[in-house]
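**Student:** Sequence:
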Amino acid sequence: MTSNLDSEQREIIQNLKSKLHVIIRKFRDVYIHKEKLIPLFTGLKLLYQALSDENIEKHQKEFPAINKSTFRELNNTLISFDNFISQLSASEYYTYLSTNPPNRALTDILQFCQDFNDIASNFPLETNVLIAFDQVSFEKLNEIDIEAIINRLSELEQKSVVRNLISSFRHSTTQLPKIDKDDDFITFSDIESYLVNFITFHLNNDDFEVHKKIGSNEYCEVFCASQKSTGRIVAMMKFLSTKFSNLTFSILKSEIRTLSILNHPSLLGFYGFGTDNYYAIYREHMPNGNLSELLRNNSNLNTTQLTIIILGISFGLQYLHNNHIIHQNLSSETIYLDSDFYPHIAEIGSGDSNDSIFVSEKDNISAYGRILWEIITYGSGPEHREKSSLVIPSIATIKLCKIIRSCQESNPNLRPSLNDILKNRKELYLNDVDENVVEAYVFRITNPNEEERPRSTRPKEFNMVNLLESASTNDKDTINSLITLNEIAIDDRLKVSLTIEQNLRKIVEIVTNCESAQKTAQIINLLASLFKEKETARKLCDYGVVPPLMNIFMRFGNTTTPSILVCLKVIIETTEIQFTKRNFEKLSAFLTFGNIQVRTSMMELLLDIVERKAYVNEDVISTFIPKIIENIIPEMPYTMLKISIKLLSKLMNIEKIFERICRFDGPTAVLQIATVKYPDIVTESINFLTKALQKWIVSLKFISKFTRSFGDIIAATSEEDIMKVFQLMDVVMKHDAAYSEIGDQTNSISAFEDLITSRNIEIRVKSLQIVFQFLKSKVSCDEFVPLLQTFFLIISEFKDETTSYISMQCIVLIGGNPNADLSLMSNAKIFDFISYSFYSNSIRLQEASLRMIGLMASRKECINFVVACGFIPRILNFVHNENLLLKELSYMCLATFTKSSQAIDLMDEIVQAVLSESITPQVIQFVLMIVMNAAIWPQCSVLIVGKLPLIMKMTDTSKYSYLLVIIEMLLNSREARNVMEQECCQMVLRLVKETRTSEMELQSATIFELLTLVKTAKPVIKEEVSYYEEAVKTMDVSSPLRPIYLRISTRKL
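Just so it is clear: in the sequence shown, position 246 is 246 by UniProt numbering, and no numbers are missing.
These are calculated hints, taken from the structure and not from any lab test.
Just so you know, not all the hints are guaranteed correct.
[Said to hold, decoys possible] Cβ pair distances, simulated, as ranges:
{"hint": "1", "residue 1": "612", "residue 2": "687", "range": "34 to 42 Å"}
{"hint": "2", "residue 1": "901", "residue 2": "665", "range": "53 to 61 Å"}
{"hint": "3", "residue 1": "111", "residue 2": "412", "range": "29 to 37 Å"}
{"hint": "4", "residue 1": "695", "residue 2": "750", "range": "50 to 58 Å"}
{"hint": "5", "residue 1": "215", "residue 2": "723", "range": "41 to 49 Å"}
{"hint": "6", "residue 1": "762", "residue 2": "53", "range": "17 to 25 Å"}
{"hint": "7", "residue 1": "66", "residue 2": "637", "range": "31 to 39 Å"}
{"hint": "8", "residue 1": "654", "residue 2": "53", "range": "27 to 35 Å"}
{"hint": "9", "residue 1": "589", "residue 2": "800", "range": "56 to 64 Å"}
{"hint": "10", "residue 1": "292", "residue 2": "399", "range": "20 to 28 Å"}
{"hint": "11", "residue 1": "653", "residue 2": "214", "range": "53 to 61 Å"}
{"hint": "12", "residue 1": "827", "residue 2": "750", "range": "39 to 47 Å"}
{"hint": "13", "residue 1": "654", "residue 2": "589", "range": "32 to 40 Å"}
[To be verified] Straight line, CA to CA, 27 Å or less: simulated DSS-like cross-link-like pairs of lysine-lysine:
{"hint": "14", "residue 1": "506", "residue 2": "534"}
{"hint": "15", "residue 1": "799", "residue 2": "829"}
{"hint": "16", "residue 1": "860", "residue 2": "947"}
{"hint": "17", "residue 1": "887", "residue 2": "829"}
{"hint": "18", "residue 1": "701", "residue 2": "646"}
{"hint": "19", "residue 1": "656", "residue 2": "776"}
{"hint": "20", "residue 1": "677", "residue 2": "650"}
{"hint": "21", "residue 1": "734", "residue 2": "776"}
{"hint": "22", "residue 1": "534", "residue 2": "569"}
{"hint": "23", "residue 1": "691", "residue 2": "677"}
{"hint": "24", "residue 1": "947", "residue 2": "829"}
{"hint": "25", "residue 1": "860", "residue 2": "887"}
{"hint": "26", "residue 1": "569", "residue 2": "695"}
{"hint": "27", "residue 1": "642", "residue 2": "724"}
{"hint": "28", "residue 1": "642", "residue 2": "695"}
{"hint": "29", "residue 1": "581", "residue 2": "656"}
{"hint": "30", "residue 1": "581", "residue 2": "613"}
{"hint": "31", "residue 1": "539", "residue 2": "506"}
{"hint": "32", "residue 1": "539", "residue 2": "646"}
{"hint": "33", "residue 1": "776", "residue 2": "860"}
{"hint": "34", "residue 1": "860", "residue 2": "953"}
{"hint": "35", "residue 1": "646", "residue 2": "627"}
{"hint": "36", "residue 1": "724", "residue 2": "734"}
{"hint": "37", "residue 1": "646", "residue 2": "534"}
{"hint": "38", "residue 1": "569", "residue 2": "539"}
{"hint": "39", "residue 1": "238", "residue 2": "212"}
{"hint": "40", "residue 1": "724", "residue 2": "691"}
Predicted, not measured: the structure shown is a model, and the values here were computed from it.
Glycine residues also receive a C-beta, built at the ideal position from the N, C-alpha and C atoms.
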């Protein structure tokens, strides 16, 4: 839909289209007033077209301008109309007539016409949607309605109702009497009298065992069941009630009537129906679901399989049309796939052409075209309605796309029939198909001698010698003979005759002489059935079946059914076969083109080969490594994942193979399934990765994938395995790339929040260490800000030293972010904890508490709390501490604190404390910062002047910038100038001389000028004035130093 529409309009239009579609579909169930409603429904179909994507695209400028109230009005009208036609359905019309006079329906229809006309006028359309009725026509149609209702009520012997009904319709003066709702239901005798016509299809319900529910609708539930007498699996459609309404009974009749006369391999097979205790219909069970789901969930079907699906649908629909059956709901959702992924068309029970309302044969062709497009695009929508918009997918031929386009012609008369399409059926082939396999399938569904439908019965009499002889030839009866042999092989009572020595040797001969792809599939199925018994399998291997079977496999491997994998598995268990590189290359095709079931069987086979070392050498195994890795994706079913990770774990122990696994980034593939919902799969994946990372240099792709999915991995991992995940994280964190990824993932941050509050101390401490490592990288601090409150909770809740120490370190790093809210630090629990840390014997806790106070002192929201809690006098105690780190941190805290005006009352005490000690090089910078902050205040300047010689002696040239600022601030204070002694002035003068030729020259000159105001300095600086007098003579007039130099040279001392 065009992007010009806002999200609300798009959602409303989608809902409206859904409602319109449902209403139009309901029209088939309308019992009375049907003819009157046809013009109205035609208008609704045009309205549906108005809301189509194509029409919106054509009128993309007009649609956004439509008032949203118009959409809402249409929605409300559709809701009312939906309710109205529901009341006119076959199951509800009695209730409607009993509560409304007959002319009420006419009034309602006319009102709906007016409402829809008013609404439709707001929508841009190529065709006028105006709906109008002729009053005379309505009166004639009333007579038709009367006739239909009279006939139905007469059948139910409701004579009084008939009389009242006629009177009400013709005179519209009285209201119908209320009718007992039971009259709407069909009696048991009605049903039995109808079903007796189909007695040959009657089955005993007690002969079926229900396994699981696979679907339901408003009138029945569908179960997977098995027939006790035959063992076959069926789909049982069990009706919800033995008391049928007219509508439900019509569905039952239509299903049985239609299915009983249809018999085609591409239609869903009908076994029969049951009436004991409940009503049920028994049909073929389709284990692979419908085509729509298959295309969306499994895009790995190969072109041969997709071509077979296309042909199966084509022949099945051709069969329906040739028998005058029109499918009323043809779509990819009504096509089901059996265990071989062969298609079967379903839901055709109500499709007689006489019952068709809106759907015609040409509509079926259009739906057929849409299905073909879905197949070649693996489930995409039909983007082919305009010729210019058709983009040919890579798997499709130009001829096939032309067929799809012709099926979608806007003029139905130009659409081809299935007979026309199938005249050149090879035009339906996709690219790169195995024609032998496809033609074998076509032969199977078109050969009139082949009977494989559900109602077929096995031959009661057969001549085994003749069957085996016929199967070994290449005449027209060969395939039929092999099919019969397959039926014998799966029958416990009959297969005994096959397992005698002479017959088994004959079967080996048949395998040896097989030269046909058509015969191959039947032969492999036959062997797979016989191989189920170990003794029979051993005999066949002894009689030499393995070499010819392997020859068949190598020649026709891609054309055989998955049964070949069953045979190979038995051969591995029974013989000492050694697979070669060519064998593995052939097997790899199953991992590329096979369905999920085949791929799983293939993985099991490879696992057996590896465990039994049934290969020529280690080099040949590397052939299928890329295919294994391609199939390790989270969407795979449990069994597939279980076998895959087990297989890789086995292969990892082989050095050469492990290198190849890593070359194809196998660990990254395994990492994907470490997030699945199966705990044992997650555990095995983590174990594999733990071992792999011990000897593998991780790739950037792995690092990115791991850090981005860390939260999902933790969520899927059990507590017992979390430490292993941390081991993986340790390896990943050795690479800088990890730090730029982790902070971008919200789920990873959330996972850390859970981990750092774990009751398991080992997990808690390790996760805290990892977070601290990330924070130290200064890459992801912003993303960890939301965890600040969690860290406050941790230091309040957990009292172990390591947890507390790392948490405080993290708080300090996060708190450095201006977006971090530190107001929560100002509470009693934090005060108690810091006090406890101060007085503990743990240097680590003392260190962390000093860092936290330094952080709090730097933030306005916390400084008052620091002062009120008396933290500063406690910090002054650390100034005298012997531990150099604690000493340095205490100076750092004081330097931060003295920047605040809150420090004024404690400034003298602080300055005295820091200047009374011998100042070490490690803390001189913090001392200078403290003094610089204190020098602002006049009451502190006198004290600082007295300590200035000490400060200047300890300050090296790298800290001169701090020192110049302090001296300038002191000289600006009259009180400080008055107490400055001559010795101090000489030291300042020496500093001025040292800095007046550097980048600090301007500051140096300013200090000299201020020094001229100090009385005790005049004798000392008198001779230096001449330097400025000489310098100003040669100085550039634009120099910023010139005004200061002029003032100094003219000043009288």
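**Student:** Which of the numbered hints are not met once you compare them with the structure shown?
**Tutor:** 1, 4, 6, 7, 8, 11, 12, 13, 16, 19, 24, 26, 32, 34
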